[in-house]
Each structure stands twice: as C-alpha cells, then as structure tokens.
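Asker: Respectively, the protein sequence lines represent chains A and B.
Following the numbering used here, the residues of the first sequence are numbered contiguously, the last one being 741.
Following the numbering used here, the residues of the second sequence are numbered contiguously, the last one being 447.
In case anyone wonders, no lab produced these hints; they're calculated from the structure.
Check the hints yourself; a few may be wrong.
Examples of chain A residues lying across from chain B (beta carbon under 7 Å, computed) [what the hints assert, rightly or not]: (1) I585; (2) P659; (3) F697; (4) L698; (5) L725.
Below, computed lysine to any residue pairings styled on SDA-like, alpha-carbon distance capped at 20 Å [as the list claims (entries may be wrong)]: (6) A:K646 to B:A339; (7) A:K718 to B:L282; (8) A:K718 to B:Q276; (9) A:K718 to B:H274.
According to the in silico footprint, chain A covers these stretches of chain B (three or more CB under 8 Å from chain A) [to be verified]: (10) 314–328; (11) 331–343.
Since this is a predicted model, take the numbers as computed values, not measurements.
All C-beta atoms in this analysis are idealised placements derived from N, C-alpha and C, irrespective of residue type, glycine included.
Residue-level listing of the chains:
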Amino acid sequence: MPSYAIPSETLHPAQPEQATPFDDLESVVALYEQRIFRFLLISVRDRDVAQTLTQETFLRAWSARATFRGDCAVPTWLMRIALNLVRDHTRTERFRFWRRVSKTAVDVSDIASHVPHRDSSLESRLIASEQLELVWESVAQLSARQRSVFLLRFLEELELNEIAAITGLPVSTVKTHLYRALATIRARHNSTTHEESQ
Amino acid sequence: MNLHLTHEQLCDLVLADSSLPLHDNLSEYGERDADVVHEHLRACLICSAELESLRAALAHFREASVSYAGQAFARASANRASIAPPHRFLTHPLYWAAAAAVIVATLAPVTLHHYHPAAPQTAVSTAQSTAARHSTESDEALLEDINQKLSDDVPYPMQSLADPTAGVTAAQSTSDQRNN
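Bound-form chain A, shown alone:
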C-alpha cells in the first residue's frame, strides 16, 4: 500500500497570520528609535554606524515580525536585535579600522561637554568631567559582553532580568559581568585617586 505524506496543513490547518505590534512599524519606530539609537551610539561610538544599525534593527524586526510571539516586551526584542547587530559589527577588523579613521566617531571630548553642571563651581565641573572620562575609558576596555551588559544596566537602566532576557544569559551571569565591569572601573578609579593623592 503506497504511503502518502499528509500535508501539514491538513493536520494543522493554517492559522490566520496574527497581528503583531510590528505591523504598525511607524508607531514602533516613533516609540523606540531614539532609545535604540542611544544604545547603539554609545556601544559603537560612531554616529553614522549607529544610524545605520538603528535602521537595520527596525528592518530586521519588521522582516522577522512573524516570529514575534509576544513572550517578551517590544523594546526587549528590539534591543536583542540591536545587540546582535553590535556583536556582528564590532567583531570585524573592518570596524576597528573605520573607528580609527571615521569622522563621525564619538570622542570623550564630545561627551564631556554634556556633563550636567548642577553645581557651578569649577572644581566640581572638573571632577565631574574627570569621572566621566574615567568611566568612558574603562567601558572601552571591557570585553564586548561586559560592555553590552554594563550599558544595558547603567545607560538604559534595565533590570537584571530584562538584561538576562535580552542577552539570553542567566541573571547570575549578568550579575557576574556587572561585577567584573565595575571592578575595572573601580580599579581605574582607585588608581586615579591614588595618583592624585601622591
């Protein structure tokens, strides 16, 4: 008796395509574009690259919208895509080359002018700029994974379980990455303080 393959549509009748939040891409972009751009800009430290990757994030989100099951929040899903793009981008040697020569690369001096001056005293402004520079340079020294986790926590102010959902890491591992990132910053901070006290 010949065997016939039963079409999967017969066993599981095709469900009508469910609507996702990404069907209204314009609203999603309006809500989250700035946030995604910010994370990408501070991650890759290049305005043009950040813009390109931001567009790519939404393009990928829209292309893969059928796979969005709603088991996580929209910004979490977008941030996951953005994080993967950063990982792919920074992995290449070409990225390192272009970061050296790019005119749109972000330098610490660009950021330093944005340090808030609640206290108008010159000393406090200098201390604030110095602290910013310290963290900025320390973040550059972190491994890619540590840097991403650090930025998700201290730039985007996400909870540890949200970071775990984005990175796909257990919360304990996320915490370990944060401890190590903060250890780097503390070490640099202490050495700077020690040099100043001598």
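Assemble chain B onto chain A, guided by the hints.
Answerer: Leaving out everything else, chain B in the frame of chain A:
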C-alpha cells in the same frame, strides 16, 4: 576580618536602585546582613565615599551619554527631514498633486524642446515639397510648351508668312465692327 565592604557588597549597592531604602536593596542578604552593611557605611567614611564617588561617576556617564545621544538623534532626524518629506505627507493628496505639478513643470520644457526642432523641420519639408511641386509643374508646362511648338506646322516667327490673310481678316473684322 574584612574591615571594609566586599566588592560584591559595594556592587550590589551600586546596582540597586538608589531611590529605594537600603534595606530593600540588600534584601537578598537577609535582614541581619543588611543591617551590618548599613552600619558599616555609616561608620566607614572610605566605603561611603567610594560608594558615592562611584555612583556619581556612573550618573555623570549616563546623563552625559543620554544628553549627547539625544542631540545626535535630533540632528540626524533634522538631516533626514531636510532630504525626505515626512511620511504622513505621502498619504496626503495635496502632496501628490504638488509632486505631479513639479513633474509636469520639469518635463514641459523638455517636451517643448523636443517639439521645436520638429516644427521647422516640418516647415522646411513642406517648403521643399512645395518647391518640388512647383518645379515639376513648371517643367511640365515648359515641356508642354515645347511640345506645342514642335507640333506646330509653322514656327511662331514664320506664322505671318504662312498665312498672309490672317492679319487682313483680323483687320477686316475689326473695321467691320467699327463700321457696325
């Protein structure tokens, strides 16, 4: 005995939400450990100063990054808006009407430019065909005239010799008319 907070204890304080009471942030250590940390921070100026400094550094980093990124985003959006119309305009009929008007205005001179050479060309060709027709007609008339002259028995200059009465007859008829 450790005189200061451990790295993990300090990190947990930094990672925790600073707006919450200290006991809430250290809840995972248990009530007693949280009290110990709290007591230590009050007593140890080094640990409390380091905690404050670390928090301040991270806050400066965040605030400056957010501010800079906001400005960069606004600039990028402005650049994008200057080269492309806002998306909502694309659904507006007036936008498409204006776009059509611009296209027509752009193409009209090109179209006229294409027509202009055609008009003189037509005029020239008309003139050429008219001239050709005229020359053909005149040629035919000339040939007709030649044929007529060749077919005549007596050449035109010798007609008076061939029919001497022709002039008289004509004169008589003229005088008869006068007499009448």
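Asker: Now look at each hint and say whether the structure bears it out.
Answerer: Here's how the hints hold up against the structure:
1. At its closest, the beta carbon of I585 of chain A sits 5 Å from a beta carbon of chain B; the interface hint therefore holds under the 7 Å criterion.
2. The interface hint given for P659 of chain A is met, as the beta carbon of that residue sits about 5 Å from the closest beta carbon of chain B, less than 7 Å.
3. For F697 of chain A, the shortest C-beta to C-beta distance to chain B is roughly 5 Å, which falls under 7 Å, so the interface hint holds.
4. Interface restraint check: L698 of chain A against chain B, minimum CB-CB distance 6 Å, threshold 7 Å, status holds.
5. Interface hint at L725 of chain A: satisfied, since its Cβ lies 5 Å from the closest Cβ of chain B, which is below the 7 Å cut-off.
6. Proximity of K646 of chain A to A339 of chain B is assessed by CA-CA distance (about 14 Å); at most 20 Å being required, the pair is judged to hold.
7. Using a Cα cut-off of 20 Å, the hinted pair K718 of chain A and L282 of chain B holds, with the two alpha carbons roughly 9 Å apart.
8. Under the criterion of a C-alpha separation no larger than 20 Å, the hint pairing K718 of chain A with Q276 of chain B is consistent with the structure, at around 12 Å.
9. Only pairs whose Cα atoms come within 20 Å are accepted, and K718 of chain A paired with H274 of chain B is accepted, the gap being roughly 12 Å.
10. Using a Cβ-Cβ cut-off of 8 Å, 8 residues of the region 314–328 of chain B lie near chain A, which meets the minimum of three, so the contact claim holds.
11. Under a criterion of three residues with beta carbons nearer than 8 Å to beta carbons of chain A, the stated coverage of the region 331–343 of chain B is upheld, 11 such residues being counted.
The structure meets every hint from the earlier list without exception.
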